[in-house]
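As a plain string of letters, each chain reads:
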Amino acid sequence: MKTQKPFRFYLGRFVLYAVLVVSSITMIIPFYWAVSTSLKMEQFVFSNPPQWFPNPPTLQAYLSVFTRINFGKYFLNSVFVAVITTLGHVFFDTLAAYAFAKLTFPGRDKIFFVLLLGLMVPFQVNLIPLYRIMATLGWTNTYLALIVPNLTSIFGIFMMRQFLKSIPNDLLDAGRIDGCSEFGVFWRIVAPLALPGIATLIILTFMGTWNDFLWPRLVTSSEALFTLPVGLAQLQAKNTSNVAQIMAGTVLTALPMIIVFLFMQRQFIEGMTAGALKE
Amino acid sequence: MTAGSVSKRSMQKIQNYLMAYAFIAVPVLSFVVFLLIPMVVSFWWSLNDYNGLQPAKFVGLQNYIELFTKDKNFINALRNTTSFVLLGMGIGPTLGLLTAILLNQKVRFLSIFRTAYYLPVMTSLVVVSTIWVMLYNQNGLFNTLLGSLGFEAVGWLSDPKIALVSVAIASIWQGFGFETVIFLAALQSIPREQYEAAMIDGASGVQQFFYITLPALRPVLAFVYIYGIIGSYQIFDQVFVMTSGGPMQSTSTIVYFLFGKFQDLRLGYASAIAYVLFAILVIFSFIAFKMEKE
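Line by line, the protein sequences are chains G and P.
Quick note on numbering: the first sequence equals residues 1 to 279 in the working numbering.
Quick note on numbering: the second sequence equals residues 1001 to 1294 in the working numbering.
Simulated from the structure, these hints should not be mistaken for lab results.
One thing to keep in mind: the hints can contain errors.
[As the list claims (entries may be wrong)] DSSO-like cross-link-like pairs, simulated, lysine-lysine; straight-line CA separation at most 30 Å:
| id | chain 1 | residue 1 | chain 2 | residue 2 |
| --- | --- | --- | --- | --- |
| 1 | P | K1057 | P | K1072 |
| 2 | P | K1013 | P | K1070 |
| 3 | P | K1290 | G | K165 |
| 4 | P | K1008 | G | K102 |
| 5 | G | K110 | P | K1290 |
| 6 | G | K110 | P | K1008 |
| 7 | G | K102 | P | K1293 |
| 8 | P | K1293 | G | K165 |
| 9 | P | K1057 | P | K1070 |
| 10 | G | K110 | P | K1293 |
| 11 | G | K102 | G | K165 |
| 12 | G | K238 | G | K73 |
| 13 | G | K73 | G | K110 |
| 14 | P | K1013 | G | K165 |
| 15 | G | K110 | P | K1013 |
| 16 | P | K1013 | G | K102 |
| 17 | P | K1161 | P | K1072 |
| 18 | P | K1161 | G | K238 |
[Stated by the list, open to error] Looking from chain P toward chain G, a few residues come up when the C-beta cut is under 10 Å (computed):
| id | residue |
| --- | --- |
| 19 | A1025 |
| 20 | N1073 |
| 21 | I1075 |
| 22 | N1076 |
| 23 | M1122 |
| 24 | S1129 |
| 25 | L1135 |
| 26 | G1147 |
| 27 | F1151 |
| 28 | A1170 |
As the structure is a computational prediction, the values presented were derived from the model and not from experiment.
Each residue gets a CB set at the ideal place from its N, CA and C atoms; glycine is no exception.
Use the sequences and the hints to build the structure in full.
Written out as structure tokens, the structure is:
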């Protein structure tokens, strides 16, 4: 009996790892294929049998994406919009969350409840009037339309409030006794303690903004303001664009997020599970 | 206590209130201007014939009536979206749970495997769509591989019978890693002792799954399904990039249809569509709320 168990154990382990490896490779193949295609000459993109390795490898597609299409500009737009939006969330969401979590003022819980109700409203409901507001203000086709309506989020406030509630009040009172203003307490005591929560907020906001499509597609028609997903969708829609080129654009759009993820994996996973597992 | 110190203290109090209001001012203002007012306006427009150029004309529930009684394309979009949701929710969370259970077997290199499942989750849907358009191409990787196995080429995105399924497959690939991560975290929080006790009592692996694992996952399952349904009902990006709603409107969805009406400047009608979608999501949110309360 005792000699049989290890055998079954190792067999089970073998099957387990086999399934994990095969399924992981299956998950990665579309990415691999995108990268590999982006390095191919256009005439070999759909060759049969498929070219698993680009032969000959070429950076032609990347060159043309930067020279014939303005992907460099889209890239800068994406970075600019995502960075400013994220900074806005970090500051405004955390500050409001601090007020809702730690300060007392008339109407606090009622206001917070009404904000939470707003979480339920799908974006499509306010989309059209929001567009009209942007048009009336003359903000369409400017960075303002891309950034200002998204400078804070109810979800961000909600998440940070949960986080800040765990900071002991004694610490805040100590700061107040030492003569800190409320903003000073927030800035010197709360914000540093909230850094792990802020890291999660940064990641979720940056990812959401970087990948956003419907809104930027709607409020920008001039190419100079396209973000990467909008530019990429446009490239895909053009009959004249070739597949290697589209894949070069695809890789450029996806890569920054993947790099950020690989460096901040733990915060990503924590951020994603925070909402689901909180009681 | 003198009167002076009292008024000083209440001054201090008012100052603190003002400070707190200043802290929440930007989010509240943003909420009112960019969410609340547009929401109310949108509802008003849904009761009007409005194209953004001429003044709105009040028509009561006419837009809603037209949607459900006259507009075959809307009913089609509603049906497509529901099929998409059923497909995605039928397969996605199951895949997520299976992979999470595999990863929960004290696996080495856990983070590498998890990354493989999770990578598409943080990728933009536009990126996912352009990649899958390439894979689904008539001469693309899938058909080439099928051909080498002796099968005929499939019109992944050109056959009206298959296109919606193809879009769903790409979406499931993109999304189920999210569920993997959530289920894995939930599985890891189940105390080991429960399984040990069950093993001493002679419970089989299957029994352990149904009597320990599933009940422990119930709240997370509710979360995953409800929020998954709400998210899937809003599908847009994939349709926009992969199929433009075609072929023969077989992949037109609610939000894609709404987008079209917006471009046609039927703003009142598009607003009515948005509110129908809102109603659907409210129903699911209500179910979620009920289930979470239990």
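Here's how the hints hold up against the structure:
1. Between the alpha carbons of K1057(P) and K1072(P) the distance comes to roughly 24 Å, so the proposed pair stays at or under 30 Å and holds.
2. At most 30 Å may separate the alpha-carbon atoms for a hinted pair to count; K1013(P) and K1070(P) exceed this at roughly 60 Å.
3. A C-alpha spacing of about 26 Å is found between K1290(P) and K165(G), which places the hinted pair at or below 30 Å, so the restraint holds.
4. A threshold of 30 Å between alpha carbons decides the hint, and for K1008(P) with K102(G) the separation of about 23 Å falls inside it, so the pair holds.
5. At roughly 22 Å between alpha-carbon atoms, K110(G) and K1290(P) fall within 30 Å of each other, so this suggested pair holds.
6. With a CA separation close to 28 Å, the supplied pair K110(G) and K1008(P) stays within the 30 Å bound.
7. Distance check on the hinted pair: K102(G) and K1293(P) sit about 26 Å apart at the alpha-carbon level, within 30 Å; holds.
8. Between K1293(P) and K165(G) the alpha-carbon distance is near 22 Å, which keeps this suggested pair within the 30 Å criterion.
9. For the suggested pair K1057(P) and K1070(P), the alpha carbons sit about 20 Å apart, so the restraint of at most 30 Å is met.
10. Using a Cα cut-off of 30 Å, the hinted pair K110(G) and K1293(P) holds, with the two alpha carbons roughly 21 Å apart.
11. With a CA separation close to 7 Å, the supplied pair K102(G) and K165(G) stays within the 30 Å bound.
12. Between K238(G) and K73(G) the alpha-carbon distance is near 18 Å, which keeps this suggested pair within the 30 Å criterion.
13. For the proposed pair K73(G) and K110(G), the alpha carbon gap of about 44 Å is over 30 Å, so the pair is violated.
14. Distance restraint check for K1013(P) and K165(G): the Cα-Cα separation of roughly 22 Å lies within the 30 Å cut-off, and the hinted pair is therefore satisfied.
15. Distance restraint check for K110(G) and K1013(P): the Cα-Cα separation of roughly 20 Å lies within the 30 Å cut-off, and the hinted pair is therefore satisfied.
16. The hinted pair formed by K1013(P) and K102(G) meets the criterion: a straight-line CA distance of about 15 Å does not exceed 30 Å.
17. For the suggested pair K1161(P) and K1072(P), the alpha carbons sit about 18 Å apart, so the restraint of at most 30 Å is met.
18. Distance hint between K1161(P) and K238(G) is fulfilled; the C-alpha atoms sit about 25 Å from each other, no more than 30 Å.
19. Of the supplied interface hints, the one on A1025(P) holds, with its beta-carbon coming within about 9 Å of a beta-carbon of chain G, less than 10 Å.
20. With a least beta-carbon distance of about 17 Å to chain G, the hint placing N1073(P) at the interface is violated under the 10 Å criterion.
21. The beta carbon of I1075(P) is not positioned within 10 Å of any beta carbon in chain G (closest approach about 18 Å), and the interface hint is therefore violated.
22. Here the hint on N1076(P) is broken, as its CB sits about 18 Å from the closest CB of chain G, past 10 Å.
23. At its closest, the beta carbon of M1122(P) sits 5 Å from a beta carbon of chain G; the interface hint therefore holds under the 10 Å criterion.
24. This hint holds: S1129(P) has a C-beta 8 Å from the nearest C-beta of chain G, less than the 10 Å allowed.
25. For L1135(P), the shortest C-beta to C-beta distance to chain G is roughly 6 Å, which falls under 10 Å, so the interface hint holds.
26. A cut of 10 Å between beta carbons decides the hint on G1147(P): the least distance to chain G is about 7 Å, and the hint holds.
27. Taken as an interface hint, F1151(P) does not check out: its beta carbon lies about 14 Å from the nearest beta carbon of chain G, beyond 10 Å.
28. Given hint, A1170(P) at the interface with chain G, holds; its Cβ is 9 Å from that chain's nearest Cβ, closer than 10 Å.
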